[in-house]
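What follows is each chain in one-letter form.
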Amino acid sequence: MINRIVQTMADAMAGIGDGSTVLVGGFGAVGQPSALIDGLIEHGAKDLTIVSNNPGVGRVGLARLLELGRVRKIVCSFPRSSDPVVFEQLYREGKIELEIVPQGTMAERMRAAGAGIPAFFTATSVGTKLAMGKEIREFDGRTYVMEKALPGDVALVEAWQADRWGNLTYRASGRNFNPVMAMASKLTIVQSQHIVELGELDPEKIVTPGMFVDRVLHVPYGDPKPS
Amino acid sequence: MSVNVTTAWKPLSRAQMAVRVAADIPDAWYVNLGIGIPTLVADHVPAEREVIFHSENGVVGMGPAPEPGRVDPWLINAGKQHITLRTGGSYVHHADSFAMIRGGHLDLCVLGAFQVAENGDIANWATSDNDTAPAVGGAMDLCVGVKRLWVVMEHTTKAGESRLVRKCSYPLTALGVVKRVYTNLAVLDVTSAGFEVAEMVPGLTLQDLQNVTDAPLKLAS
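Taken in order, these protein sequences are the chains called R and P.
For the first sequence, the positions run 1 to 227 when the numbering used here is used.
For the second sequence, the positions run 228 to 448 when the numbering used here is used.
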């Protein structure tokens, strides 16, 4: 019998090693797995590479993980969230490495990782400083830059509903990066607002099939805070 | 701006610029709007004109801001403001949202910019090469992926420097992609021969406009 539901945060975090690349879902606060981020802080893994659209707000969650010195590198598209105090200070002091990636390239690099595609070509960033040092090729008269897949060791995902197989639904714009991160990682850990019986989810509405999910923790977190 | 304030013409306000852009967006287009003045454009497209607004965070069919007390905390736009979903709208994940952008499925994107060059180059994401932490977001994807890119921006900086330039001095977002520029003084098309002035605010002459513009201008024939 398949049962991906775990009962404790410690079980959810078990085995996350130092040096891991961790993909963190969410766009701002919406769809962000806040409880799992706190769990990762508690778990203590360090020397992490974090892949997240934004680097955290204020001094909680991702920003707290950064402030504790657990993050070696952050990969993101938009390091200027509403209040990125911790990130900016670490960046100015040279204590964190930053890789800026255009948002669509970031999503596609993870989708590619999940789909077994090691690299792809895109017109995004051609002729800009974000294409420097990357392979350039022409196809049918247009110039493209090569981008490599971005796989995770771990993905932290927030879902709306989950069953014991790990089938997931999302809520409104809380979907964002979560499905591609789930498919791009060796170990996908989900916090879900609701746990339902197998068979309760309409197969037409399951966005992430349980194949992409390893662990599900029930976290009735409530509404995202405005960011 | 070296402009005599007693002249007969008046620059457009931000809202008037948004109105002007909105007038050119036809029924049934799929449109992505950047943050700043572009976001205001949506308010000036009448609801009976079915323009479908796409938000990069996975919302197709974005509606106006919710009324007070009717906020859905799960529904935000790319600027992280609360929005609504219009009837017929849908949600997609980030890779699909950017497949819409990068795959050429959007009819139009309207962005703000620091500079646009006469060959259509755009600089809109960082103001210098040693910017502390530049934030690109989806700008580079939008610029190269959509069917047409329009820019709406003030004609000059607050210090009076032209934003329409021969060559961008700020870090580029994309090469040769801008088709049209709406400023508070004029509407200009980017052609193989440079900027062509399609429209000016009433009372402004081509010479007045050229006086505050770095790139050479000519009137559309």
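Please keep in mind that the hints were generated in silico from the structure rather than gathered at the bench.
Be aware that one or more of the hints could be misleading.
Here are the simulated DSSO-like cross-link-like pairs (lysine-lysine), alpha carbons at most 27 Å apart as the crow flies [to be verified]:
(1) R:LYS134 with P:LYS237
(2) P:LYS385 with R:LYS134
(3) P:LYS237 with R:LYS129
(4) P:LYS237 with P:LYS374
(5) R:LYS225 with R:LYS134
(6) R:LYS205 with R:LYS73
Quick partial rundown of chain R residues pointing at chain P, CB under 8 Å, derived from the structure [unchecked claim]:
(7) SER20
(8) GLU67
(9) PHE78
(10) ALA119
(11) ALA123
(12) GLY127
(13) GLY174
(14) GLN193
Far from chain R, by Cβ distances over 10 Å, these chain P residues were calculated [as the list claims (entries may be wrong)]:
(15) ARG276
(16) ALA322
(17) THR400
(18) GLY430
Heads up, the beta-carbon is just placed ideally off N, CA and C, and yes, glycines get one too.
Do the hints match the structure? See the list:
{"no.": "1", "hint": "R:LYS134 with P:LYS237", "in the structure": "violated (47 Å)"}
{"no.": "2", "hint": "P:LYS385 with R:LYS134", "in the structure": "violated (37 Å)"}
{"no.": "3", "hint": "P:LYS237 with R:LYS129", "in the structure": "violated (38 Å)"}
{"no.": "4", "hint": "P:LYS237 with P:LYS374", "in the structure": "violated (32 Å)"}
{"no.": "5", "hint": "R:LYS225 with R:LYS134", "in the structure": "violated (39 Å)"}
{"no.": "6", "hint": "R:LYS205 with R:LYS73", "in the structure": "violated (35 Å)"}
{"no.": "7", "hint": "SER20", "in the structure": "violated (22 Å)"}
{"no.": "8", "hint": "GLU67", "in the structure": "violated (16 Å)"}
{"no.": "9", "hint": "PHE78", "in the structure": "holds (5 Å)"}
{"no.": "10", "hint": "ALA119", "in the structure": "violated (16 Å)"}
{"no.": "11", "hint": "ALA123", "in the structure": "holds (4 Å)"}
{"no.": "12", "hint": "GLY127", "in the structure": "holds (4 Å)"}
{"no.": "13", "hint": "GLY174", "in the structure": "holds (5 Å)"}
{"no.": "14", "hint": "GLN193", "in the structure": "violated (10 Å)"}
{"no.": "15", "hint": "ARG276", "in the structure": "holds (24 Å)"}
{"no.": "16", "hint": "ALA322", "in the structure": "violated (4 Å)"}
{"no.": "17", "hint": "THR400", "in the structure": "violated (7 Å)"}
{"no.": "18", "hint": "GLY430", "in the structure": "holds (39 Å)"}
Checked against the numbered hints listed earlier, the structure breaks hints 1, 2, 3, 4, 5, 6, 7, 8, 10, 14, 16 and 17; every other hint is satisfied.
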